[in-house]
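J.: The hints should help you fit chain B onto chain A, whose structure is shown.
2 protein chains.
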Amino acid sequence: MKAAALEFRGSTSTPRTGVNRGVSILDFVLRLVGIIATLASAITMGTTNETLPFATRFIRFRAEYDDLPSLTFFVAANSVVCGYLFLSLALSILHIVRSAARRSRIILVLFDTVMLGLLTAGASAAAAIVYLAHKGNSRANWIAICRQYNSFCERISGSLIGSFVGIPVFVLLIILSAVALSRRGSHK
Amino acid sequence: MKAAALEFRGSTSTPRTGVNRGVSILDFVLRLVGIIATLASAITMGTTNETLPFATRFIRFRAEYDDLPSLTFFVAANSVVCGYLFLSLALSILHIVRSAARRSRIILVLFDTVMLGLLTAGASAAAAIVYLAHKGNSRANWIAICRQYNSFCERISGSLIGSFVGIPVFVLLIILSAVALSRRGSHK
Numbered sequence: 001m002k003a004a005a006l007e008f009r010g011s012t013s014t015p016r017t018g019v020n021r022g023v024s025i026l027d028f029v030l031r032l033v034g035i036i037a038t039l040a041s042a043i044t045m046g047t048t049n050e051t052l053p054f055a056t057r058f059i060r061f062r063a064e065y066d067d068l069p070s071l072t073f074f075v076a077a078n079s080v081v082c083g084y085l086f087l088s089l090a091l092s093i094l095h096i097v098r099s100a101a102r103r104s105r106i107i108l109v110l111f112d113t114v115m116l117g118l119l120t121a122g123a124s125a126a127a128a129i130v131y132l133a134h135k136g137n138s139r140a141n142w143i144a145i146c147r148q149y150n151s152f153c154e155r156i157s158g159s160l161i162g163s164f165v166g167i168p169v170f171v172l173l174i175i176l177s178a179v180a181l182s183r184r185g186s187h188k
Numbered sequence: 189m190k191a192a193a194l195e196f197r198g199s200t201s202t203p204r205t206g207v208n209r210g211v212s213i214l215d216f217v218l219r220l221v222g223i224i225a226t227l228a229s230a231i232t233m234g235t236t237n238e239t240l241p242f243a244t245r246f247i248r249f250r251a252e253y254d255d256l257p258s259l260t261f262f263v264a265a266n267s268v269v270c271g272y273l274f275l276s277l278a279l280s281i282l283h284i285v286r287s288a289a290r291r292s293r294i295i296l297v298l299f300d301t302v303m304l305g306l307l308t309a310g311a312s313a314a315a316a317i318v319y320l321a322h323k324g325n326s327r328a329n330w331i332a333i334c335r336q337y338n339s340f341c342e343r344i345s346g347s348l349i350g351s352f353v354g355i356p357v358f359v360l361l362i363i364l365s366a367v368a369l370s371r372r373g374s375h376k
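Chains A and B, in that order, are what the protein sequence lines are.
For reference, each letter of the first sequence is one residue, going 1 to 188 in the numbering used here.
For reference, each letter of the second sequence is one residue, going 189 to 376 in the numbering used here.
Looking at chain A on its own, in the form it has when it is part of the complex (with noise of 0.2 Å):
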């Protein structure tokens, strides 16, 4: 909370206050949300893994997901913006009693952006994998794994839900803040 000596500047009985305290509220449902939709992405995609009950022209006979190193990034990156949402609940909750913060609005933009990025990057790579894991490439001559391994690509393909949940979370996130910084400007 070592922001709150640099931000408290600004009077907190005009109506601008309070809209911008509703935007405050509604940042730190907004984060909730994305807390619940990235653990449990990263949860569904952490746990599967599937062992075929009979042989299969495939040499190994399990199917995890570390074995493709995107889902693993998949895992990486969702429990990292998970880590990060659940941090920055603090300096919500900061802006909802201190509507005239500054400076801290413009670094959660900065790390909102970075960890949109990430998001966006974990859930899209691993798309394109399970995609891949779906159609398979006749040109490539990469075979379909799904017509192996059904219940292994349920999963990873549910688990990508809670991803592509966060990302328009973090998108509404960045809108607000900008909305609630350019809404200070009567508190200078």
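For the record, the hints were derived by calculation from the structure and aren't laboratory data.
Don't take every hint at face value.
[What the hints assert, rightly or not] Taking lysine to aspartate or glutamate and the DMTMM-like style, the derived pairs with C-alpha atoms no more than 25 Å apart in a straight line are:
hint: 1; chain 1: A; residue 1: Lys-135; chain 2: B; residue 2: Glu-252
hint: 2; chain 1: A; residue 1: Lys-135; chain 2: A; residue 2: Glu-64
hint: 3; chain 1: B; residue 1: Lys-323; chain 2: A; residue 2: Glu-64
hint: 4; chain 1: A; residue 1: Lys-135; chain 2: A; residue 2: Glu-50
hint: 5; chain 1: B; residue 1: Lys-323; chain 2: B; residue 2: Glu-238
hint: 6; chain 1: A; residue 1: Lys-135; chain 2: B; residue 2: Asp-255
hint: 7; chain 1: A; residue 1: Lys-135; chain 2: B; residue 2: Glu-238
hint: 8; chain 1: B; residue 1: Lys-323; chain 2: B; residue 2: Asp-254
hint: 9; chain 1: A; residue 1: Lys-135; chain 2: A; residue 2: Asp-67
hint: 10; chain 1: A; residue 1: Lys-135; chain 2: A; residue 2: Glu-154
hint: 11; chain 1: A; residue 1: Lys-135; chain 2: A; residue 2: Asp-66
hint: 12; chain 1: B; residue 1: Lys-323; chain 2: A; residue 2: Asp-66
hint: 13; chain 1: B; residue 1: Lys-323; chain 2: B; residue 2: Glu-252
hint: 14; chain 1: B; residue 1: Lys-323; chain 2: B; residue 2: Glu-342
hint: 15; chain 1: A; residue 1: Lys-135; chain 2: B; residue 2: Asp-254
hint: 16; chain 1: B; residue 1: Lys-323; chain 2: B; residue 2: Asp-255
hint: 17; chain 1: B; residue 1: Lys-323; chain 2: A; residue 2: Asp-67
hint: 18; chain 1: B; residue 1: Lys-323; chain 2: A; residue 2: Glu-50
These figures come from a predicted structure and were not determined experimentally.
T.: Only chain B this time, still in chain A's reference frame:
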């Protein structure tokens, strides 16, 4: 230039305006960098193909970028982002002339954030596939096609660079907009 009528309500003689003008000029330059980077990426990837001079165990001997859907998405994403950046130059110039603009900056933050997501998604999906082309995956029985298609793989790897230059450009653009919005304080 419709936004001009909406936005021009600040004075233009305070020191803060000077800082905002500097920020707006930097914004303009960054957009130019982004246009060049994404255009280079789209063109490099979009013109990639290789015909092998000898027979291999592949049925077809020609590799094109659009054999892999993720690379097609990469070209589309880079083209869209490049087109957006070109159009956004108009608003960027408006912000240099009229530093006190607020709503048009928020609109820019919104679109910049969405475009950051699109560009990251395209680059990340392509990177996942390029990695697979280089390394293959023994667990999924996906072979490393780069052993056959050397020059194809070099081109698709190189074309990622432009996108990965574009991503930090967008992060900077969003931060600059946030700073400019927060500095507007004295112009209400």
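J.: Next, verify each hint and record whether it holds.
T.: These are the hints, each one checked on the structure:
1. Lys-135(A) - Glu-252(B): The given pair, whose Cα atoms are some 18 Å apart, holds under the 25 Å limit.
2. Lys-135(A) - Glu-64(A): Roughly 19 Å between the alpha carbons, so the hint for Lys-135(A) and Glu-64(A) holds.
3. Lys-323(B) - Glu-64(A): 18 Å, holds
4. Lys-135(A) - Glu-50(A): Answer holds: Lys-135(A) to Glu-50(A) is near 19 Å, not above 25 Å.
5. Lys-323(B) - Glu-238(B): 19 Å, holds
6. Lys-135(A) - Asp-255(B): The given pair, whose Cα atoms are some 13 Å apart, holds under the 25 Å limit.
7. Lys-135(A) - Glu-238(B): Distance of about 23 Å is within 25 Å: holds.
8. Lys-323(B) - Asp-254(B): Satisfied, since the Cα-Cα distance of roughly 20 Å is no more than 25 Å.
9. Lys-135(A) - Asp-67(A): 18 Å, holds
10. Lys-135(A) - Glu-154(A): 13 Å, holds
11. Lys-135(A) - Asp-66(A): Holds, at about 20 Å.
12. Lys-323(B) - Asp-66(A): Roughly 15 Å separates the two Cα atoms, so the pair holds.
13. Lys-323(B) - Glu-252(B): Distance of about 19 Å is within 25 Å: holds.
14. Lys-323(B) - Glu-342(B): Distance of about 13 Å is within 25 Å: holds.
15. Lys-135(A) - Asp-254(B): Roughly 15 Å between the alpha carbons, so the hint for Lys-135(A) and Asp-254(B) holds.
16. Lys-323(B) - Asp-255(B): Answer holds: Lys-323(B) to Asp-255(B) is near 18 Å, not above 25 Å.
17. Lys-323(B) - Asp-67(A): OK: Lys-323(B) and Asp-67(A) at ~13 Å, within 25 Å.
18. Lys-323(B) - Glu-50(A): 23 Å, holds
Hint compliance for this structure: no hint is broken.
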